[in-house]
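*Asks:* So the chains spell out like this:
2 protein chains.
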Amino acid sequence: MKPSLITASLLALTLASPAAAQETEPPTPASVVAAAPASDWKRIDPADLLVMDLAPDAAGKPRRVVIQLVPAPFSQGWVGNIRKLAQAQWWDGTSVYRVVDNWVAQWGDVDESKALPEGVSEQPDDQYTALWSDVPALYRQAGDIMVNEAERLERVASGAEPNRGDSYAGFTTHSNSWPVAVEAGDVWPTHCYGSVGVARSVGSGGTGSELYAVIGHAPRQLDRNIAVVGRVIEGIEYLSTLPRGPTGTNGVYEDASQRVPILSVRLGSELQEIPQPQFEYLDSDSQSFADYVHVRANRQDPFYLHPAGGIDICNVQPPIRRIPSE
Amino acid sequence: MKPSLITASLLALTLASPAAAQETEPPTPASVVAAAPASDWKRIDPADLLVMDLAPDAAGKPRRVVIQLVPAPFSQGWVGNIRKLAQAQWWDGTSVYRVVDNWVAQWGDVDESKALPEGVSEQPDDQYTALWSDVPALYRQAGDIMVNEAERLERVASGAEPNRGDSYAGFTTHSNSWPVAVEAGDVWPTHCYGSVGVARSVGSGGTGSELYAVIGHAPRQLDRNIAVVGRVIEGIEYLSTLPRGPTGTNGVYEDASQRVPILSVRLGSELQEIPQPQFEYLDSDSQSFADYVHVRANRQDPFYLHPAGGIDICNVQPPIRRIPSE
Numbered sequence: 001m002k003p004s005l006i007t008a009s010l011l012a013l014t015l016a017s018p019a020a021a022q023e024t025e026p027p028t029p030a031s032v033v034a035a036a037p038a039s040d041w042k043r044i045d046p047a048d049l050l051v052m053d054l055a056p057d058a059a060g061k062p063r064r065v066v067i068q069l070v071p072a073p074f075s076q077g078w079v080g081n082i083r084k085l086a087q088a089q090w091w092d093g094t095s096v097y098r099v100v101d102n103w104v105a106q107w108g109d110v111d112e113s114k115a116l117p118e119g120v121s122e123q124p125d126d127q128y129t130a131l132w133s134d135v136p137a138l139y140r141q142a143g144d145i146m147v148n149e150a151e152r153l154e155r156v157a158s159g160a161e162p163n164r165g166d167s168y169a170g171f172t173t174h175s176n177s178w179p180v181a182v183e184a185g186d187v188w189p190t191h192c193y194g195s196v197g198v199a200r201s202v203g204s205g206g207t208g209s210e211l212y213a214v215i216g217h218a219p220r221q222l223d224r225n226i227a228v229v230g231r232v233i234e235g236i237e238y239l240s241t242l243p244r245g246p247t248g249t250n251g252v253y254e255d256a257s258q259r260v261p262i263l264s265v266r267l268g269s270e271l272q273e274i275p276q277p278q279f280e281y282l283d284s285d286s287q288s289f290a291d292y293v294h295v296r297a298n299r300q301d302p303f304y305l306h307p308a309g310g311i312d313i314c315n316v317q318p319p320i321r322r323i324p325s326e
Numbered sequence: 001m002k003p004s005l006i007t008a009s010l011l012a013l014t015l016a017s018p019a020a021a022q023e024t025e026p027p028t029p030a031s032v033v034a035a036a037p038a039s040d041w042k043r044i045d046p047a048d049l050l051v052m053d054l055a056p057d058a059a060g061k062p063r064r065v066v067i068q069l070v071p072a073p074f075s076q077g078w079v080g081n082i083r084k085l086a087q088a089q090w091w092d093g094t095s096v097y098r099v100v101d102n103w104v105a106q107w108g109d110v111d112e113s114k115a116l117p118e119g120v121s122e123q124p125d126d127q128y129t130a131l132w133s134d135v136p137a138l139y140r141q142a143g144d145i146m147v148n149e150a151e152r153l154e155r156v157a158s159g160a161e162p163n164r165g166d167s168y169a170g171f172t173t174h175s176n177s178w179p180v181a182v183e184a185g186d187v188w189p190t191h192c193y194g195s196v197g198v199a200r201s202v203g204s205g206g207t208g209s210e211l212y213a214v215i216g217h218a219p220r221q222l223d224r225n226i227a228v229v230g231r232v233i234e235g236i237e238y239l240s241t242l243p244r245g246p247t248g249t250n251g252v253y254e255d256a257s258q259r260v261p262i263l264s265v266r267l268g269s270e271l272q273e274i275p276q277p278q279f280e281y282l283d284s285d286s287q288s289f290a291d292y293v294h295v296r297a298n299r300q301d302p303f304y305l306h307p308a309g310g311i312d313i314c315n316v317q318p319p320i321r322r323i324p325s326e
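Taken in sequence, the protein lines are chains A and B.
Counting in full-length UniProt numbering, the first sequence runs from 1 upward without gaps.
Counting in full-length UniProt numbering, the second sequence runs from 1 upward without gaps.
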């Protein structure tokens, strides 16, 4: 739901009369989301949230980053570790220590000297995909998806329609409102802007103690090479606006004073505050979501002269919003 | 040439012995670029650079953003305007006034009240594509590209290889080291991270006085809907790290004090400094460039367990570097 690239005067106009135009204009991604019935939204279990509080900024403003953990069957070895690390308050006192433009912000224990909690261990580096049949919602729709894809490819091969493919997989879709890629019976969560993954060494899948968030163009080449364990659903700007580290150190801040202290990381269900933050997402099995994807791929509002007729998986991030506290 | 997502200890190791491993390791994007002969690099004419100096940051550090203007046959109506605006020093005293996370940083005259220089006029909104035949380098290779693409689609349709397509066009390639998309005889420059485009109103193509740079995932839906006029080749971090504006104003800073003053914008050829900044790019018609794309799409270094077998056009930005002054 990004605003179009309109000039300042039109921005003002748009802001002055948001309601007036609504009835006559074609649907936009924002209008589809606004019209989605309550039943199309699903609450995120607070136990599946990771809430990271950074030290306040120079002006004293709090900086909270909220991450949703990826559901089964993906990356559950690391997600289990991450729950243990949060419960042990392991990240408290660590830092965001590396920021690379158009790449990632990375955090954890820069010295890798801090002892890990009991039961947190290196995961193997071959658990980056699940089987298509392990993903119930997709598996239910598998026949339809496969037939549609085969028919689409036939139309493309015959020249009846232009190709609209994915550069990294046979095709992409959504599972439980997570972007996933599918190929040869495998399915995996994709690296998009805001995705959270596990830094690792060669020959290991890492533990999940060193994490990064994507702050640039989707680095899809990391798919199936690193565990995607979550996505930032609020506060990504507290990571994406951080000063970039030097090129010569691969973006690791040279001076300890440049690191951004992490005050605490907690599971949403263990936050000592009332009300706890509550979020909901638009269900990817709903008609509203299908409409949302369609409208994003085929913009009909007057600004768009050439609707794209396609969209890449990382440009159609599922709508997620706060549930107002009662 | 982004570093892999390796943990801090391995980063240190890598930094400690960069040369030792070089001989035995498979090629990486960085090693291909480093090995490219001088003849594969082309100098950018300083007249095709737009050099924007922002006010220094809070610590007094200068902030220079260098933009390369897109060559013919693309967007030349706007590029002509932009040359005139720079020559008239029109942007001096204007500001970066809008920043939206995972979207753009936008600059110009926020009030749109400043008179435009003689000869700078609104451009039509139907000049976003060129004909395939207007792009000499592509046209020369057109037969080969078309045959390769047709053969690829046949293999895909027969199930012999997985599809690797583009989500927004029939296919993508490079022309003069610019990323372009091709479909139905049309070719256009793509919106990638760092691309610079022309903000406009509905019903107009804009003048080029209000510009934006992409600071997030490639907004390819803007392709063919907005003029791409250039790309940031140095200093994107001075835009991408700026504080984001409020959602309620579409990212426009509410307080004038938040705007980032633009001290000056000059064509590279008109900069009053010696030496003038000099840049070169890896020629997309060279074997080095072909190798670079191939290696980026098929990573063989030990970190990559599953080479992607494809790459999207915005993940293979052409190498551009400074020419050291003599």
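Take these hints with a grain of salt, some might be off.
Said to hold, decoys possible - Residues on chain B that point at chain A, a partial pick, calculated with CB under 8 angstroms: (1) W132; (2) D134; (3) P136; (4) A137; (5) A157; (6) A160; (7) S167; (8) H217; (9) A218; (10) S240; (11) H306.
Said to hold, decoys possible - Listing some non-contacts, in silico: residues in chain B with all C-beta distances to chain A over 10 angstroms: (12) V33; (13) Q76; (14) G143; (15) V202; (16) P219; (17) R266; (18) Q300.
Hints were generated in silico from the structure; no laboratory data involved.
It should be emphasised that the depicted structure is a prediction, and the values quoted were computed from it without experimental measurement.
Don't be surprised by glycine CBs; every beta carbon is placed ideally from N, CA and C.
*Asks:* Each of the hints needs a verdict: does it hold here or not?
*Replies:* Against the structure, the hints come out as follows:
1. W132: Not OK, violated: W132 of chain B not within 8 angstroms of chain A, min 14 angstroms.
2. D134: 18 angstroms, violated
3. P136: Violated, because the Cβ-Cβ distance from P136 of chain B to chain A comes to roughly 24 angstroms (cut-off 8 angstroms).
4. A137: Result: violated, 22 angstroms to nearest chain A Cβ.
5. A157: Where the cut-off is 8 angstroms and the nearest Cβ of chain A is about 4 angstroms from A157 of chain B, the hint holds.
6. A160: 12 angstroms, violated
7. S167: Interface hint status for S167 of chain B: holds (4 angstroms vs cutoff 8 angstroms).
8. H217: 4 angstroms, holds
9. A218: Holds, because the Cβ-Cβ distance from A218 of chain B to chain A comes to roughly 6 angstroms (cut-off 8 angstroms).
10. S240: With a minimum Cβ separation of about 6 angstroms from chain A (threshold 8 angstroms), the hint on S240 of chain B holds.
11. H306: 4 angstroms, holds
12. V33: 14 angstroms, holds
13. Q76: Its Cβ never comes within 10 angstroms of chain A, the nearest being 19 angstroms, so this holds.
14. G143: 17 angstroms, holds
15. V202: Answer for V202 of chain B: violated, closest chain A Cβ roughly 5 angstroms.
16. P219: 7 angstroms, violated
17. R266: 23 angstroms, holds
18. Q300: The claim holds: Q300 of chain B sits with its nearest Cβ about 12 angstroms from chain A, beyond 10 angstroms.
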